[in-house]
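Colleague: One letter stands for each residue in the lines below.
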Amino acid sequence: MKLFKLRGGVHPESRKELAADRAIRVLPMPEYLYVPLLQHVGAPAQPIVNVGDKVLKGQLIGASQGVISAPVHAPTSGIIAAIGEYPAAHPSGLTAPTITIKADGEDRWLETAEVENPFSLTADEISTRVAAAGIVGLGGATFPSAVKLNLSRKNNVRTLIINGGECEPYITCDDRLMRERAAEIIEGVRLIRYAVGAEDVMVGIEENKPAALAAMSAAAKNTEVKVIAVPAMYPMGWDKQMIKALTGLEVPADGRTADIGVLVHNVATAYAVRDAVRFGRPLVSRLVTVSGGSIAEPGNLEVPIGTLVETLFDFCGGFRDKPARMVLGGPMMGIQLATAAVPIVKGSSGVLALTAGEIGKVDPSPCIRCSSCVRACPVGLLPLDMAAHIRAGDSAAAVALGLKDCIACGCCSFVCPSHIPLVHYFNFAKGELMEQERVKLKQESTKKLAEARSERIARIERERAEAAARRKAAREAKERAAKEAAAKAATETA
Amino acid sequence: MIAALTSLTILGAILGLILGIAARVFRVEGNKLVEEILDILPGSQCGQCGFPGCAGAAQALAAGSAPVTLCPPGGRAVVLALAAKLGREANLAGVKEAVPMVAEVKEEICIGCTRCFKVCPTDAIMGAAQQIHSVFRDACTACGKCEEVCPTESVKLQPIPVTLHGWYWHKPNVQAQQNVPA
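Order-wise, the sequence lines are chains A and B. Numbered according to the working numbering, the first sequence terminates at residue 494, and the numbering increases by one at each position without gaps. Numbered according to the working numbering, the second sequence terminates at residue 182, and the numbering increases by one at each position without gaps.
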């Protein structure tokens, strides 16, 4: 099949060989699991259990709140040990509301009814099941999948693209999933296609994963699913890049993929959808790649949500030598961890322990305006000018240059010969703009409150004055009546 | 004599007519600038600037008799917006980057005197006589009026703790290396 030309992108060393040939191993159930209530884009889940409650694996412990939200479930059977703040897998190192479960070691599933033929369900039933299972985009974006399904149905999506890009260096969990569980993924893909009524279904897999391509092609034989090799480059796993490569269409700025009639899901999401629809099993575990130069035995693990990162490192033989940096996610977009005592969440594709030789230089030099970053930017922005404006304190000018379309993929920082932390500038500016937006909203509501108050005070005063006037009028009328009566009495006696 | 009188009278009449029409055509509704400045100001009428409410401050700003840094609760954002609107230099040196604060009632020592919610410009305090008062955090603008009137120091402004929701990356502290030989 003819592929379309792509803009920008870089070719970092893949380093996938560290973990790519290690088969999936199941992590033994840790004693404690720390399940954050916000593991997705949108509103956090609301806890519906109490400390001391006994829960089964797959039991709902946090209900979804609002339109864009997702529930969370117990990743194993056990007792709720705590509900409160726990350090989150976040660059700030701050805490987040978390439910702690003490595993009882039985790992007993909640009884669920298996659906013999999932294709006998209606599209609505499928998306309800996906929503109830708490499935979110497992490629890392963690957008609630059911919301995407419903949105796609409303927008008459015609093309379904399944993303097997996995372009981040080191990370191989999707690769292993496609090699070992291709048939299940394809069933999930066909369920999603059936639920949104798409006509074309394409699975895009980077050509540096030949084993995954072969396994998926074999599994997709005699189905409507087309498996297509796409060039290996970063960021091939960006949904809009995948759409461009396979269809030639470009999603407009500020737009959604549904605007051009395309729905994109990750391969791991498709796998989770199959589990949810066929077995009624919620998303309580995921594949995580443990890799990096410091790891004794890199590998791919099936990990219950809420396992601490340090447990994964220990299971993989600990550190060969002290890591210079620990990263959650890939090296391009992942977050640096200050501590390994943070839980794995639904969007965690990998944990890396990198040696000093594997991490980049940190001393930035002045920009030489070589425009390498402009050529590398897959969105077509001008990173050097945007960063210069932000450095000078003019975020508005950066927005005019398209800051809001920046996907923080890190290509510009990667190629910059002066090692300027470009993406850091953009993340800072985006945060600052959001803060300004919040302040503006607050000011507007303050204004409304202050106006309502002064109106109320004026009204109360007016009403008081009116009441006083009425009383005065009544009093005068009474006095007049008394006078008249007195006068009348006087004339009568006279 | 008559010619001079008539010509001056006619001239006066015509000019008067023109002035009268001009006054109607180019009528200005109040001072536009004052209204625009009012839109920028927080509008909580807290009076921390020393003027009677935001309208007074807006008039002083429009007249040029007040600095753009007059509004403490507005912070940096308001200073920059005012400077841009009035075309003045924004001197941010004196502006404290206010730590976001919120009023909090210490319930053990609240005596339910109702003074604080009577002065609150945004109705952010709920309470009744002899009842413990409570603050609506979302409506509080941290103007500090309640703190001033509280007889038991029960209402106090407290910094809002940073959460994941509000956290964002700090600005990169880049000291570009100048490779200039010494």
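These aren't lab readings, by the way, just hints derived from the structure by calculation. There's no promise every hint is true.
Covered stretches of chain A (in silico footprint by chain B; criterion: 3 or more residues with CB under 8 Å from a CB of chain B, positions within the stretch not fixed) [said to hold, decoys possible]:
id, stretch
1, 83 to 94
2, 433 to 447
Below are the EDC-like pairs computed for lysine to aspartate or glutamate, each with C-alpha atoms no more than 16 Å apart in a straight line [said to hold, decoys possible]:
id, chain 1, residue 1, chain 2, residue 2
3, A, K448, B, E147
4, A, K447, B, D138
5, A, K442, B, D138
6, A, K447, B, E104
7, B, K171, A, E435
8, A, K447, B, E147
9, A, K447, B, D123
10, A, K447, B, E35
11, A, K430, A, D405
12, A, K448, B, E89
13, A, K442, B, E89
14, B, K156, B, E104
15, B, K118, A, E461
16, B, K106, B, D39
17, A, K226, A, D254
Going by beta-carbon spacing under 8 Å, a handful of chain A positions derived as facing chain B [as the list claims (entries may be wrong)]:
id, residue
18, F414
19, A450
20, R453
For each residue, glycine too, the CB sits at the ideal point set by N, CA and C.
Colleague: Are the Cα atoms of K226 of chain A and D254 of chain A separated by 16 Å or less?
Modeller: violated, 29 Å
Colleague: Is the hinted pair K447 of chain A and E104 of chain B satisfied, with a Cα-Cα distance of at most 16 Å?
Modeller: violated, 21 Å
Colleague: Verify the proposed pairing of K447 of chain A with D123 of chain B, using a straight-line Cα cut of 16 Å.
Modeller: holds, 11 Å
Colleague: Given a cut of 8 Å on the nearest C-beta pair, is the interface hint for F414 of chain A held or broken against chain B?
Modeller: Since the shortest Cβ distance to chain B is 16 Å, the answer is violated.
Colleague: Would you mind confirming whether the straight-line C-alpha gap from K171 of chain B to E435 of chain A stays at or under 16 Å?
Modeller: holds, 14 Å
Colleague: Closer than 8 Å Cβ to Cβ for three or more residues is the test here. Does the stretch 433 to 447 of chain A pass it with chain B?
Modeller: It holds: at least three residues are needed, and the stretch 433 to 447 of chain A offers 11 whose Cβ sits within less than 8 Å of chain B.
Colleague: Holds or violated: are the alpha carbons of K106 of chain B and D39 of chain B at most 16 Å from each other?
Modeller: Violated, because 34 Å separates the two Cα atoms, which is more than 16 Å.
Colleague: Taken at face value, is the distance from the CA of E147 of chain B to the CA of K448 of chain A at most 16 Å?
Modeller: violated, 23 Å
Colleague: Going by Cβ atoms only, is R453 of chain A closer than 8 Å to chain B?
Modeller: holds, 5 Å
Colleague: For K447 of chain A and D138 of chain B, compute the direct alpha-carbon distance and say whether it is at most 16 Å.
Modeller: holds, 13 Å
Colleague: Does E89 of chain B sit within 16 Å of K448 of chain A, going by the straight-line distance between their CA atoms?
Modeller: Violated, at about 30 Å.
Colleague: Regarding the pair K430 of chain A and D405 of chain A, is the alpha-carbon distance no greater than 16 Å?
Modeller: Holds, at about 10 Å.
Hint compliance for this structure: hints 3, 6, 8, 12, 13, 16, 17 and 18 are not met, and every other hint is.
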